[in-house]
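*Asks:* Sequence:
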Amino acid sequence: MTAADTLIIHVRFAPDGSVTEIGERPSGLDAQQWFNRLSDKAGSSFQALSGGRGFFRLGTEVVTALKAAALQ
878 MTAADTLIIH
888 VRFAPDGSVT
898 EIGERPSGLD
908 AQQWFNRLSD
918 KAGSSFQALS
928 GGRGFFRLGT
938 EVVTALKAAA
948 LQ
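Per this note's numbering, the very first residue in the sequence shown carries number 878; after that it's consecutive.
Since the hints were derived computationally from the structure, they do not count as laboratory data.
Hints are not guaranteed to be accurate.
Said to hold, decoys possible - Calculated pairs, SDA-like style, for lysine to any residue (alpha carbon to alpha carbon, straight line, at most 25 Å):
#: 1; residue 1: Lys918; residue 2: Asp893
#: 2; residue 1: Lys918; residue 2: Ser904
#: 3; residue 1: Lys918; residue 2: Val940
#: 4; residue 1: Lys944; residue 2: Arg889
#: 5; residue 1: Lys918; residue 2: Glu898
#: 6; residue 1: Lys944; residue 2: Asp917
#: 7; residue 1: Lys918; residue 2: Ala891
#: 8; residue 1: Lys944; residue 2: Gln910
#: 9; residue 1: Lys944; residue 2: Arg914
#: 10; residue 1: Lys944; residue 2: Gly900
#: 11; residue 1: Lys918; residue 2: Ile885
#: 12; residue 1: Lys918; residue 2: Gly929
#: 13; residue 1: Lys918; residue 2: Thr883
#: 14; residue 1: Lys944; residue 2: Ala925
#: 15; residue 1: Lys918; residue 2: Phe932
#: 16; residue 1: Lys944; residue 2: Asp882
#: 17; residue 1: Lys944; residue 2: Asp907
#: 18; residue 1: Lys918; residue 2: Ala942
#: 19; residue 1: Lys944; residue 2: Thr897
#: 20; residue 1: Lys944; residue 2: Pro903
#: 21; residue 1: Lys944; residue 2: Gly931
#: 22; residue 1: Lys918; residue 2: Ala946
#: 23; residue 1: Lys944; residue 2: Ala880
#: 24; residue 1: Lys918; residue 2: Arg934
Remember, predicted model here, so these are calculated numbers, not experimental data.
All chains, full assembly: derive it from the sequences and hints.
*Replies:* Below, the structure is given as structure tokens:
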């Protein structure tokens, strides 16, 4: 996977562990729902960071497919 084929989806967490912000979110889902879907389908692509942050590193085709499935 090249850099051009990769998306980095940033996530921010509240102190209680709930998701407050997440990138590439489809309009039909809230931040926590999108995080749960990404975690379920591509959890091994998540990297936790300090300060209540993390990110998913996914191929653009994977993100497109997950977004399409979320809209159905």
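*Asks:* Run the structure past the numbered hints and jot down the numbers of the failing ones, going up.
*Replies:* No numbers; nothing is violated.
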